[in-house]
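Student: Residue numbers (the working numbering), protein chains in the order written: chain A, 17 to 257; chain B, 17 to 257.
If you're looking for bench data, these hints aren't it; they were derived computationally from the structure. In this text, all values refer to a predicted model and were calculated from it rather than measured experimentally. Take the hints with a grain of salt, since some may be wrong.
In this list, chains with the same sequence are indistinguishable; a pair is considered to hold if it fits within one copy or across any two.
Stated by the list, open to error - Dumping the calculated DMTMM-like pairs for lysine to aspartate or glutamate here, alpha-carbon to alpha-carbon at most 25 Å: (1) Lys195 / Glu211; (2) Lys195 / Glu123; (3) Lys97 / Glu82; (4) Lys98 / Glu82.
Number of protein chains: 2
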Amino acid sequence: MASESPAILPLLIFARVSGLVVALLVVMWALNFQTSFIPLHNPQNLIYSILHPLLMVIGFILISGEAILVHRWLPGSRSLKKSVHLCLQGVALACGIFGIWTKFYGENGIVANFYSLHSWMGLICVSLFGAQWLLGFLSFWHRGEMRSTRLRILPWHVFLGLYTYGLAIATAETGLLEKLTFLQTRGTVLKHSPESIIVNCLGLGLALLSGVIILAAVSPRHQTLPAKLMYSNTKRLSLDE
Amino acid sequence: MASESPAILPLLIFARVSGLVVALLVVMWALNFQTSFIPLHNPQNLIYSILHPLLMVIGFILISGEAILVHRWLPGSRSLKKSVHLCLQGVALACGIFGIWTKFYGENGIVANFYSLHSWMGLICVSLFGAQWLLGFLSFWHRGEMRSTRLRILPWHVFLGLYTYGLAIATAETGLLEKLTFLQTRGTVLKHSPESIIVNCLGLGLALLSGVIILAAVSPRHQTLPAKLMYSNTKRLSLDE
Chain A
17 MASESPAILP
27 LLIFARVSGL
37 VVALLVVMWA
47 LNFQTSFIPL
57 HNPQNLIYSI
67 LHPLLMVIGF
77 ILISGEAILV
87 HRWLPGSRSL
97 KKSVHLCLQG
107 VALACGIFGI
117 WTKFYGENGI
127 VANFYSLHSW
137 MGLICVSLFG
147 AQWLLGFLSF
157 WHRGEMRSTR
167 LRILPWHVFL
177 GLYTYGLAIA
187 TAETGLLEKL
197 TFLQTRGTVL
207 KHSPESIIVN
217 CLGLGLALLS
227 GVIILAAVSP
237 RHQTLPAKLM
247 YSNTKRLSLD
257 E
Chain B
17 MASESPAILP
27 LLIFARVSGL
37 VVALLVVMWA
47 LNFQTSFIPL
57 HNPQNLIYSI
67 LHPLLMVIGF
77 ILISGEAILV
87 HRWLPGSRSL
97 KKSVHLCLQG
107 VALACGIFGI
117 WTKFYGENGI
127 VANFYSLHSW
137 MGLICVSLFG
147 AQWLLGFLSF
157 WHRGEMRSTR
167 LRILPWHVFL
177 GLYTYGLAIA
187 TAETGLLEKL
197 TFLQTRGTVL
207 KHSPESIIVN
217 CLGLGLALLS
227 GVIILAAVSP
237 RHQTLPAKLM
247 YSNTKRLSLD
257 E
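Using the sequences plus the hints, can you model the full thing?
Tutor: Have a look at this one:
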């Protein structure tokens, strides 16, 4: 995306609007259709069951997306940007861990829940996210002496971060579908019903959001002349060979 | 990923091994657990139900991934690479359309199937893919006069292509989970059973495959001195400001 730099401001606005729509949809689902969240074996644990999608979507995914965007709009020093990025990702990670805990706590422990593709993907995703955050945290406190190392791992940090973000979105999609298929097969929720439509729109909103966030993250900020020249040279090379 | 160029050969090998594992898992699932695929209302349409995951995973996703990789390994002219890329993506698109058709044909038409998040995501994904392919096909026949236009849209083509590929993977994950949740809720398949483990491993294999294919696609091929210098300059800029 180096040659045709999209204006970053409209992208940022679009990302925030998509995020707001996603947040509204998940809150609307959790508050208006509480009966869908009553756990089969422990009905008194309703609150944990409702907290799970709220924490994973708003806490983990939306805050993490905002942390990715910090580098694209926050004015100030590099250190400030990195601090805010680190803090926001820390909040997202805490929400993710707490969100997983609510599921395991609310419904009969780890073994009873750790069978689905959603749970497998979720644990891998949060583990990758945690490892990324820990590496970021450690490198943040080793400023001078590790500068060359940090420069070397930066592209990997960016790639793995965006991959983990995409994996989180895919995991959320599987979670939405698992919940809805479960309810629909039990006959609690009709296939063509307001709840089904809200959950499907939430899924599409998340898919759209991921595209906008990743586009904003990879699109170039500086459109300097050397960068332009350099890019068109390499592009021509790869096209011509 | 410009500075730390991973060696492309190991990446390509890893991508092919992941793809092979994914193909084996989906074939193993389809052949060994045929009873899981018997349609509720039209049991005689078993073959369409089995063809759906095979066409979507092997035909749509694996061939499409191979088409993405063509630019990274195929020797020869730019025109040859583009032709092979276009042909492979055409085969993938045909498999995708046929795969969707088997589902709608095999189970009571479009209305009865077009309710789930999986079906919504799948249709959006194949439509995006079709639009991309059509644009690629048209630009392929307008060689000289549209060169500047093609150069301008190339980064968008790459971004949208990789996004569509990621969306296809997410859609496949939802499909696997929908099928398994449906079977588990009906009690046909146990939560902890060989079939559940095979499908979950297939899901994880697809997630891994997407990471390797996208990494291979975005990692730089040429590590020329100017590119190195250019990269470290822009990197320093973005880190220092």
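Student: So, against the hints stated earlier in the document, which numbers end up violated here?
Tutor: Per hint list: zero violations.
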